[in-house]
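No gaps in the numbering here: position 83 of the sequence shown is 82 in numbering that gives the first Met the number 0, and each next residue is one more.
None of these hints come from the bench; they were simulated from the model.
Be aware that one or more of the hints could be misleading.
Unchecked claim - Below, simulated EDC-like cross-link-like pairs (lysine to aspartate or glutamate); rule was C-alpha separation at most 20 Å, straight line:
hint: 1; residue 1: K7; residue 2: D124
hint: 2; residue 1: K38; residue 2: E86
hint: 3; residue 1: K2; residue 2: E148
hint: 4; residue 1: K64; residue 2: E148
hint: 5; residue 1: K141; residue 2: D124
hint: 6; residue 1: K154; residue 2: D124
hint: 7; residue 1: K15; residue 2: E148
hint: 8; residue 1: K64; residue 2: E16
hint: 9; residue 1: K15; residue 2: D124
hint: 10; residue 1: K113; residue 2: D96
hint: 11; residue 1: K7; residue 2: D96
hint: 12; residue 1: K154; residue 2: E86
hint: 13; residue 1: K2; residue 2: E16
hint: 14; residue 1: K38; residue 2: D96
hint: 15; residue 1: K154; residue 2: D133
hint: 16; residue 1: K15; residue 2: E88
hint: 17; residue 1: K113; residue 2: D133
hint: 18; residue 1: K141; residue 2: E86
hint: 19; residue 1: K38; residue 2: E148
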Amino acid sequence: MIKNIYLKPCEMYINKEPAVVSTVLGSCVSVVMFWPAVKVGGMCHAMLPSSNFCVVGESSSYSNKFVDSSINYMHSRFQSWGAYPMELEVKVFGGADMFRTESGKLKRETIGAKNIQAAFAALADLGYRITAQDVGGSMGRKLYFYSAEGRVFMKNLRNTVNAG
């Protein structure tokens with residue numbers, strides 16, 4: 000029986016045990032890594048771009064809250080199993096610009112855009128090639144990741160308004 004796992008913000012699944020991992024993203028970013036040779040995968044749900052912005056006293060090493068440290072942790076896990084970056088399929092999702100100003104325009108340098116930039120930079124620094132992506136825009140996303148197959152299914156979520 001394959002486990003079903005739901006990732007909340009700041010959570011990650013990276014395990015040799017197969018699972019269907021799902022999450023819902025707005026401005027957050029999910030990075031999926033899959034090692035086809037061994038059929039092992041992982042996915043993170045990170046909220047903020049960089050652990051460089053930690054408050055004093057907060058542990059930044061491998062905090063799943065941050066895009067960069069989540070990617071670094073996933074990298075270290077796959078590396079400990081013997082994987083090299085060029086052997087992994089990497090997919091990036093999310094980073095929607097969910098919040099508009101009073102004039103209805105998107106805010107400049109939104110958290111979604113910063114999360115995308117942080118993911119692309121961290122992956123490039125570690126030598127990963129992104130094999131699929133669906134980032135930005137103004138709609139949320141629901142993801143289903145099949146960790147033993149590397150497949151990701153995505154559904155776009157429309158913004159809803161409370162009609163009363």
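Verification of the supplied hints:
Of the pairs offered as hints, the one joining K7 and D124 is violated, with about 27 Å between alpha carbons and a cut-off of 20 Å exceeded. Taken as a hint, the K38 and E86 pair is honoured in the structure, with Cα atoms around 11 Å apart against an allowance of 20 Å. Pair hint K2 plus E148 holds up; C-alpha atoms about 14 Å apart against a cutoff of 20 Å. Restraint check for K64 and E148: not satisfied, since their Cα atoms lie roughly 26 Å apart, outside the 20 Å limit.
At most 20 Å may separate the alpha-carbon atoms for a hinted pair to count; K141 and D124 exceed this at roughly 28 Å. At roughly 30 Å between alpha-carbon atoms, K154 and D124 are farther apart than 20 Å, so this suggested pair is violated. A hinted pair counts as satisfied when its Cα atoms are at most 20 Å apart, and K15 with E148 qualifies at roughly 12 Å. Restraint check: the Cα-Cα separation between K64 and E16 comes to about 23 Å, which exceeds 20 Å; the hinted pair is violated.
A distance of roughly 25 Å separates the Cα atoms of K15 and D124; the hinted pair therefore is violated under the 20 Å criterion. About 10 Å separates the Cα atoms of K113 and D96, which keeps this hinted pair within 20 Å; it holds. For the proposed pair K7 and D96, the alpha carbon gap of about 19 Å is at most 20 Å, so the pair holds. As the CA atoms of K154 and E86 are separated by approximately 27 Å, the hinted pair breaks the 20 Å bound.
With a C-alpha separation of about 8 Å, the suggested pairing of K2 with E16 holds against the 20 Å cut-off. The suggested pairing of K38 with D96 is violated, with an alpha-carbon distance near 33 Å, which exceeds 20 Å. In summary, the hint linking K154 to D133 is supported, as the alpha carbons are separated by about 11 Å, within the 20 Å threshold. A threshold of 20 Å between alpha carbons decides the hint, and for K15 with E88 the separation of about 16 Å falls inside it, so the pair holds.
At most 20 Å may separate the alpha-carbon atoms for a hinted pair to count; K113 and D133 meet this at roughly 15 Å. Distance restraint check for K141 and E86: the Cα-Cα separation of roughly 26 Å exceeds the 20 Å cut-off, and the hinted pair is therefore not satisfied. Note on K38 and E148: the hinted pairing holds, with a Cα-Cα distance of about 6 Å set against a maximum of 20 Å.
Hint violations for this structure: numbers 1, 4, 5, 6, 8, 9, 12, 14 and 18, all remaining hints satisfied.
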